[in-house]
Amino acid sequence: MNTLVYTFHFYLFGLIAIASALAFVTRKSPVAAALWLVNTMFCLSALFVMLDAQFIGAVQVLVYAGAIMVVFLFVVMLLNLGQASDVTDIRGLGGRLTAGLVGLAMLAELFALSRLHFPRLVGAMSDHANIVNPVSAPLFQEYLLPFEVTSVVLLVAVVGAVVLAKRGDNVS
Amino acid sequence: MLQDLAAVDTHALAATAARYVGLLPLIPLAGFLVNGALSLIPAYTMGPGDPSAAGHDHDGAAAARAHAVDHAEQSGATGDDHHAVARHPYAAVASVVGPLVLVLSFALAVAIWLAMASAGEMRTPYVQRFFDWMVTGDLKIAWAFQVDQLSMIMVLVITGVGMLIHIFSIGYMGDDPGYPRFFAYLNLFVAFMLVLVLGASYPVVFVGWEGVGLCSYLLIGFWFSDKANAYAGKKAFIVNRIGDVGFLLGMFLLFANVGTLDFTGVAASASSLGYDSALVTTICLFFFLGCVGKSAQLPLYVWLPDAMAGPTPVSALIHAATMVTAGVYLIARSGFLFAMSPTACITVAVVGTLTALFAATIGLKQWDIKKVLAYSTISQLGYMFMGVGAGAYAAGMFHLVTHAFFKALLFLGSGSVIFAMHRAYHHTGSHEDAQDMRNMGGLRKYMPITFVLMWIATLSIAGVPPFSGFFSKDGILGAVFARAQHGALADATWLGMPGSAVLYVLYVLGLVTAFLTAIYMTRLMLYTFHGPNRTGEAEQAHLAEAPWSMTGPLVVLGVLSAAGGWLDLPAALPLGPVGVLEKWLDPVVGAATAAVAGSAGEAVTSTEYFLIGAAVVIAILGIVVAVARLKPALLVPKRDALPSHGFEHVLEEKYYVDEIYDDAIVRPLVSGSRNVLWTGIDRGIIDSLLVNGSAVLARGFGWIGSQLQSGETGAYAWAIAIGALAVLGAFTFR
Amino acid sequence: MISEALFFSAVLFTIGVVGVLTRRNAIIIFMCVELMLNAVNLSFIALSRLHGSANGQVFVLFVMTIAAAEAAVGLAIIISIFRHHKSVDLRNINLLKG
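Chains as they are written, first to last, in my numbering: chain A, 1 to 172; chain B, 1 to 734; chain C, 1 to 98.
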């Protein structure tokens, strides 16, 4: 792949992701915010692919953008929260300034950390053609137990969600 | 260590009775355990008609208790020998066990002594190691006993005199409810005293030193239900602690500079300290401070008169014959150190002499018979220190031995008198002071045996030939005079004064003290046994000699007091074998004596006869003056007595030393402790600031924390964010 | 490209944090948390690329699974709260006080 084109696209998707995220945070309407977040996730998916994690990129689109965000939108619509609420749901100027300061400080620290502790060396991915194998092999061998536990967690989450959200006499 | 063992194996005493030396303190300790177990059984239960107490003459148990309490309030601080009358159910067992262990110890001591005598002259001590006691770094202290001529003398005195006093106690304490407890303490005391004199190193000696202090405290406060007795015990304990600090500092300095604390080791390397160096003087003076406390010398003597609050056998055993002489023993034992410091030697002699004079003057005007003897003891201890200070270790030890005889006799005799007086007052239900000489008088009629024996002891302590005290006191005075003429002490300077002049002054003061001793002892005898009886009409019918279990030991001590002088006859008076004790002690203290005395031997000269003559004349003069000036017939009983005036009153009040100490030391210390340390530092700073302050601080943080728990989810989000920021910061700026 | 990816990740994470701190709508806050998780995923992928190992990708899978479970439960809770308060405003959710 042409390096310049690659770099250009990498920056492009990264900046779009950040711009979308900013838009997501600043939208008053939950539906608009959710859609901007979906946009961010698509961009991230592109970045994943460019970082040789094609399988994860696909799963990102399928699971996050496809499933989780759809659930969010369902809930927004179910609760009829589509319009920006009358009461502002964003904090006042003082809160926003403080939050901005905290964010800037955190950003600065994260930069400092990443410069301090990570080498500039880039290792080569073994095989571009083989996409799923590098992920699945450790998942089903080395991380088999966490994998199984995660499935149990999912099951519990499903049951819990049903119990919590079910409108009925048994749940107060 | 291997060499030590080899030396022990080849020692002349290795296969003799001396190998059982470890048993010596263990036998009385066993007696302590048995009697201590018995003492846990109370003498009477709290209830009327208890069979164990109702059997005693006409008093029921309740009446006996009431009487005891009543009596204690009446007699107040006089240290009277009052006690509740209730015989202990197991008194018979204690009567057997208590004295029996002493008999066994004495037998063993005699066996060891015979072995030593038959082994011929023994130049090195027999040291028996039992186990390693403390091993840390360079410090290696073995639990070891040392048998040599010096410790043997002490062991024989302790077990022998102790045995007699134990037997005396059977009669004296028989009706006391704490009878087994008394024997338990007494046995424990003997055990510790034997550790003290047998210890082969300073730390082992110190164990005995502290142990006898403990027993002294327990026995002074034996009748602890009376507050004055408990205070007296406490006073003895605290004053002794001051001296013990000196002992400890001396040991520390010695270890830091010599590297060992064994007597043999220190003796071998003592010369490395340097002759008359500031270091060796400091060490000696620290040890002497310990002796000043234990042996009741100026300025720490104040506890001994108060210690008379204990039962009279205790006063005889602990506060006259044995424990208080431990200081003299320690200095004789440390002769190799003191011989290197003329300054320390003269200091010891000066303090001893001043104490002897000071206490003798107080003794002139005391009315309590035991107080007279207490000050007399202090005075005689001063003589002993004069002797060992002058480097006459054998003479000092000789006086220690004879003093043990005649002072034990005097105390037991006074105990016998008090016993009779107390019994008489008890019969009539009177609450008069059984120890005040103004209430006595004319007891010669009622107690002839005690009377005769007490006179023997009095003549002995006054220094009348041929009784033992004459020889020992003459030995000390003669030695002081000889040292003043030539030798290391005469050549030394003390506080800028020539040692020779100082010692001459000490000699004169010693003679003055001898004169005073004769006076106050004759006064005691005159007021107690001569003249008309002042006890009371009704009481006279009940005055009688004590039983034989009490007079028996007195007779033995009387014989010893009379004949004890033959232990160490001076060369000038060859009435038998000359200088037995001196020759016996020569392997232990000979080198130190020679170092102090110089090479010139003490020849028999006309000067020496003159000195002996002067001493005899002064003693007899003292007795004559006392007899001529004191009129027992003019005395009135205590309750009718008029207060004294002038210097007499100052003497009667013991120079107000207790009051001065109280105002100058005790009160400032107490008020300082109360106001500065307690109110200021403890309650102010530690309690309020640190303890309560930290509580307030914790509560403040808790309040802040509880305010943070608002329940607002948003606030929690903020807290998490700021916390994450902090954690990241910690990683970043690591 | 690794450092750029980490840069993007950090920016996105910070935006998520700022979102959580400034918004009061529970659902939006929830989505901000999802954004933060995604940012972390990006870091995982980038570092996995850096080390030439797929373990990072495996962890991204785990994160996604947990995120899904969390979304299910969280949204169910939001629905419950909404039924109770008729609102998803954070200021109404103050029952955490003991």
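Derived by calculation from the structure, the hints in this document are not laboratory data.
Built from N, CA and C at the ideal position, the CB exists for glycine as well.
Do not rely on the hints blindly, as some may be mistaken.
[As the list claims (entries may be wrong)] Only pairs whose alpha carbons sit at most 25 angstroms apart, straight line, appear in this in silico SDA-like list of lysine to any residue: (1) Lys365(B) to Lys638(B); (2) Lys166(A) to Ala67(C); (3) Lys86(C) to Thr150(A); (4) Lys28(A) to Glu4(C); (5) Lys166(A) to Thr65(C); (6) Lys166(A) to Phe7(C); (7) Lys583(B) to Trp548(B); (8) Lys86(C) to Ile131(A); (9) Lys86(C) to Glu653(B); (10) Lys365(B) to Tyr609(B); (11) Lys365(B) to Ala719(B); (12) Lys86(C) to Leu73(A); (13) Lys86(C) to Leu22(A); (14) Lys28(A) to Ala715(B).
[Stated by the list, open to error] In silico negatives: residues of chain A with every beta carbon more than 10 angstroms from chain B: (15) Thr3; (16) Ile18; (17) Ser29; (18) Phe74; (19) Met77.
[What the hints assert, rightly or not] For each label pair, taking beta carbons as the anchor points, the in silico distance ranges come out as: (20) Asn80(A) to Ala695(B): 53 to 59 angstroms; (21) Met77(A) to Val63(C): 45 to 51 angstroms; (22) Ile722(B) to Phe111(A): 14 to 20 angstroms.
Quiz item: Of the numbered hints stated previously, which ones are contradicted by the structure, given in increasing order?
Solution: Hints 3, 4, 6, 7, 8, 9, 10, 11, 13, 21 are the ones this structure does not satisfy, whereas the remaining hints hold.
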